[in-house]
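Enquirer: Using the hints, put the two standalone chains together into the complex.
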Amino acid sequence: MTAIAGRLLPNGNPVRLGDLARRFSLTRGALTANAWFVYLFFYAPIALLVVFSFSADRNVGRWGGFTLSWYDDFIGNTSIQNAIWVSVRVALLSTVISVVLGTLAAFAIERFRFRGRQAFDALLYLPIIIPDVTMAVMMLLFFSEFFDLVNLLFGTDLRKGFASITVSHIAFNISFVSVVVRARLAGMDKRLEEAAMDLYASRWKAFRHVTLPQIAPGVAGGALLALTLSLDDVVVTQFASGPGATTLPVYVFGLIRRGVTPLINSVSVVMLVASIGLVLLSLFVQRSRGGAAVGPPGAVAAGRSRRSS
Amino acid sequence: MTLAATPPEEAAPGAATPEFERAAAKSESRRGFLIAGPAYLYLIIFFAIPLGIVFAYSFANRNRFGEAVFTNTGFDAYRRLAEPIVRDILFRSLWLALLTTGICLLIGYPFSYYLTTRSSKVRNILLVFVMIPFWSNFLVRNYAWRVILGKDGIISRITDFLGLGEVEILFTPSAVVLGLVYGFLPFMILPLYASIERIEMSLIEAGRDLYASGWQSFRRILFPLSKPGVIAGSILVFVPSLGAYVTPEILGGAKTTLLGSYIVTQFLTARNWPVGASLSFVLMAVMLIATIIYFRAGGRNL
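Which chain is which? The protein sequence lines are A and B, in order.
Counted from 1, the first sequence has number 262 at position 262 by this note's numbering; the numbering is strictly sequential.
Counted from 1, the second sequence has number 216 at position 216 by this note's numbering; the numbering is strictly sequential.
This is chain B alone, in the form it adopts within the complex (with noise of 0.2 angstroms):
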């Protein structure tokens, strides 16, 4: 048994090993195999076969029913995205997507970079108060501002108050890069502190010492230095953005489709699943890029 502890990577491949270590070699990538087994027989069943379908929906055809069928198969429906309709849905969905990481940034930059300023206890104090919202039921904090937003509610309250007449903001894309905004600034927040926090704070003092202003230290020492979170950032929020569907249809309306809701209505109204099935792969694929890139960042560490 002692024999299964020595790595097989260790015993050269192809060289004449001795025949018991090649045996154990061989008894421990079995025993590798049997303990992933259950993970990986789960996985392949209801993860990869399920993203097989999909993938052969996306080729599938319709009869005149609108069902899907498998006759005539091809790229019809990767065509169809570049009709005015998706073209303009996926062009609004990626424009709210990269508004609401830019304003994230804005907010939460400073604030990250606040919160390392504090001394260790009150910052993790200020950190549990991020965690909560962090946490927490992302759609009642979505509604929470439907009712703040609403007709009756406090916004539109305080400006009629004041003589502005009642602002209609629900149902706007206002309202939703705002839900945008509300839900994933911990996201952005929590990646940028881990980044800033790393960073010798010493750099920028020698910085100043040597007459930097403090603009110029933040261009040339501070932004930098902490990038990995600011991209590890930007796409933990970009991508939920451009893939949401639960904000825009609480607090979005008719004219605010964004491609979660035109994907899910596809499958469950239209009923058009190969136009739904390829929009979904091309999300996907989108995020796989993104993902890429967060990696290359060092997200993984944040």
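So that you can see chain A by itself, here it is in the shape it has in the complex (with noise of 0.2 angstroms):
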């Protein structure tokens, strides 16, 4: 017991108190400084390389003097260009398909039990969770044995491009599109469908009217994932792509891997604005429309993170 008391009560001690208020303040400034410190990490990086893109100097990373000159040699280069366009067009088209069919599995699997439902659960969560390089060898072997299959029943040879690329993208959107709208649905009340069938809505009516408008923010947020995923894969799309269409971020890791250029500095500042400015859209969007969650934040870090090994 005095022992105890002893602790519980420190006679008033000026030096232990002043110790002890010093101990605070110093892990106080220990966490700020870290926290300034993880802040320059994350953007000092970036800023050198916006800055050193419009250096006039060969060399990457000295500074000859203010040009815009990379950017131009960016927007002339036609490659460039078409790997742009061949990305726009792949993200677009393979988010628009992934919400749609996402979104439906997820209705399915939140609000059905049917045969089979539990493979298809199972089978809905592998394309989260398997590597990044494991799927990209899927697809190879996947396009190779299919074009052979293809040529021997059909005689015709098919080449893989922007039809295979766009297939892939889907194959994984389809899982991180339905987890996103599922964590929706699954926090919404379930009889404010049921109260409308009571009123003979038919079942169509009921998601139309009253199940679509309560998850959009999770279509929504299923369709952002769904679009950056897309726009930045690399390993996939390497595997996917053929000499006839390749996106942009694949045409660049094949720059990078040549050797650093001032081009690719250009390139990369462009991406990189492209991106952030998606990012601060839909975050004012989301704002705008009474601070809605994208997602369960624990799903679209797995999926960022395991999309962009």
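FYI, nobody ran anything at the bench for these hints, they're computed from the structure.
Just so you know, even glycine gets a beta-carbon here, dropped at the ideal spot from N, CA and C.
Check before you lean on any hint, since a few could be wrong.
Unchecked claim - To give an idea of the chain B side of the interface with chain A (calculated C-beta under 7 angstroms), a few residues:
1. A36
2. A39
3. F55
4. I148
5. G150
6. M201
7. G214
8. W215
9. T269
10. L283
11. T291
12. F295
Stated by the list, open to error - The list that follows gives simulated cross-link-like pairs (lysine-lysine, DSS-like), each with its CA atoms no further than 30 angstroms apart:
13. K205/A / K227/B
14. K26/B / K190/A
15. K190/A / K205/A
16. K255/B / K121/B
Expert: Here it is as structure tokens:
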């Protein structure tokens, strides 16, 4: 008892209290310093990249006066233009298809009991947890086997390109959309739909007028995730694309591997500005809608991390 | 139509239910199947079948031209994984992934805690600045380090200026870890922040009132309560680091071949498809285990 009492009542020793206070502010200072360090770490490389993209020196990383010539190079480069178009078309098409399929899948899983539901549930999660490289290998082998089969049956020679890239992007995006939409559906009151149907709304009408407006933020969040995943993907796309068509990240990745050039700097800055613009836009839309969440951060984080290694 | 709203599981299975209820349950099941149908079919064709093909190839053999053939199938490719070259790459990948996770945790934890101590207005702004790197292009963010770490890069010139000589970090394992930490730190911060934010801070105050030191209240109160976030964040960093391909390709050199690059090489240049396929499967198994841990830790809700 005495020992505890002794700790409970530190007889007002000013030195100890002072120590305590100093320690406290030291911790606080360290925390603040760490936070500044993290932000510096996040943004300094990006800032330097932007700065050097305007440098006239051919040696990337040396300042040689202000120039816009690398951006001129970028605008005049037809293969980059083509890659951008492929990227945008693949991203839009794969997002639209995966949003429709993914939302339906989420609705079916959350609201219906049907045969094969559990197997479907597992199948829906697999593309999220599968490593990028494994998925890439899957696509390579699949298209090679599939094209062989088509050649054998119909004698036509298919090549990897726009279609195969889109197909592979849809294959992983369906899952991400459905996870985000499911989280939203799970948080929604099922009785609202039931009430609509009790009032003689058909299943479709109840979905269209009751369910869909409620899960709209989830659908939008899923679409944003799908769009950025498709725009950023390198590994899977590299294995699903052919000489005919590549996306911008795959093209840039190829350039980087051959060596660093000022042209890559300018392309990178444009890509960066585009993705930051997309984030800020979505945050702005979110806020104007009353702060609805983009989706379960865990699932979103899992998606972004898995698809960007 | 209204009958369709009756959840079929309420009708006791096997019990003598009225005919119309059974019919309703049946039509409900059929409808669910039809709605799920398109996505189901898509994933079977373009995901399950490709996965099956990779699985089949992992047991394939090679003919003398190096092509994968399905004669004398067996575990040869898996046995090759025990060879020193592959084993070294496996261990190196594991070590670098662990190192990356540790560094992210060490930086990310105090940072996430710091975020929770800010007022909600400041916190929202600070969070946006974490979200921006989180959502922006990974390839480009890694490329930025290539510019900084290169021979002409800022780091090398600063050390040169300080008289330390030109430091070549690029193409070393350190550069890879740096790139991975840079890429994945947001994935550590966000789940950590989500779990620390939920902790009742009055518990820590109570601990302090009872004369717990700062370290004690961290070790006994804060850290145990934030464990789900620690586990979730660690897995979100560890798993993609283990299979990383882009970062080691851009920042690593020939001596830092990691699992991801090795698998890709097996398919594109070495043309040893069975070994590549079996390694892909091992990698997937690791991810599956990690995912189970993640869900157990409640990562789904974070």
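Enquirer: All hints, please: hold or fail.
Expert: Consistency of the hints with the structure:
For A36/B, the shortest C-beta to C-beta distance to chain A is roughly 4 angstroms, which falls under 7 angstroms, so the interface hint holds. Of the supplied interface hints, the one on A39/B holds, with its beta-carbon coming within about 4 angstroms of a beta-carbon of chain A, less than 7 angstroms. Against a cut-off of 7 angstroms between C-beta atoms, the interface hint on F55/B is violated, since the closest Cβ of chain A lies about 10 angstroms away. Annotation: interface hint on I148/B holds; nearest CB of chain A at approximately 6 angstroms, less than 7 angstroms.
With its C-beta approaching chain A no nearer than about 5 angstroms, G150/B sits inside the 7 angstroms limit, and its interface hint holds. Restraint check, M201/B versus chain A: the minimum CB separation of about 14 angstroms is more than 7 angstroms; hint violated. Using the Cβ-Cβ criterion of 7 angstroms, the hint placing G214/B at the interface with chain A is satisfied: the shortest such distance is roughly 6 angstroms. Interface restraint check for W215/B: the shortest CB-CB distance to chain A comes to about 9 angstroms, outside 7 angstroms, so the restraint is violated.
A cut of 7 angstroms between beta carbons decides the hint on T269/B: the least distance to chain A is about 13 angstroms, and the hint is violated. Using the Cβ-Cβ criterion of 7 angstroms, the hint placing L283/B at the interface with chain A is satisfied: the shortest such distance is roughly 5 angstroms. Hint status for T291/B: holds, given a least beta-carbon distance of 4 angstroms to chain A, under 7 angstroms. Nearest Cβ of chain A to the Cβ of F295/B: about 9 angstroms, over the 7 angstroms cut. The hint is violated.
For a cut-off of 30 angstroms, the pair hint linking K205/A to K227/B is broken: about 44 angstroms separates their Cα positions. A C-alpha spacing of about 20 angstroms is found between K26/B and K190/A, which places the hinted pair at or below 30 angstroms, so the restraint holds. Taking the CA atoms of K190/A and K205/A, the gap is near 15 angstroms; set against the 30 angstroms cutoff, the hint holds. Of the pairs offered as hints, the one joining K255/B and K121/B is violated, with about 47 angstroms between alpha carbons and a cut-off of 30 angstroms exceeded.
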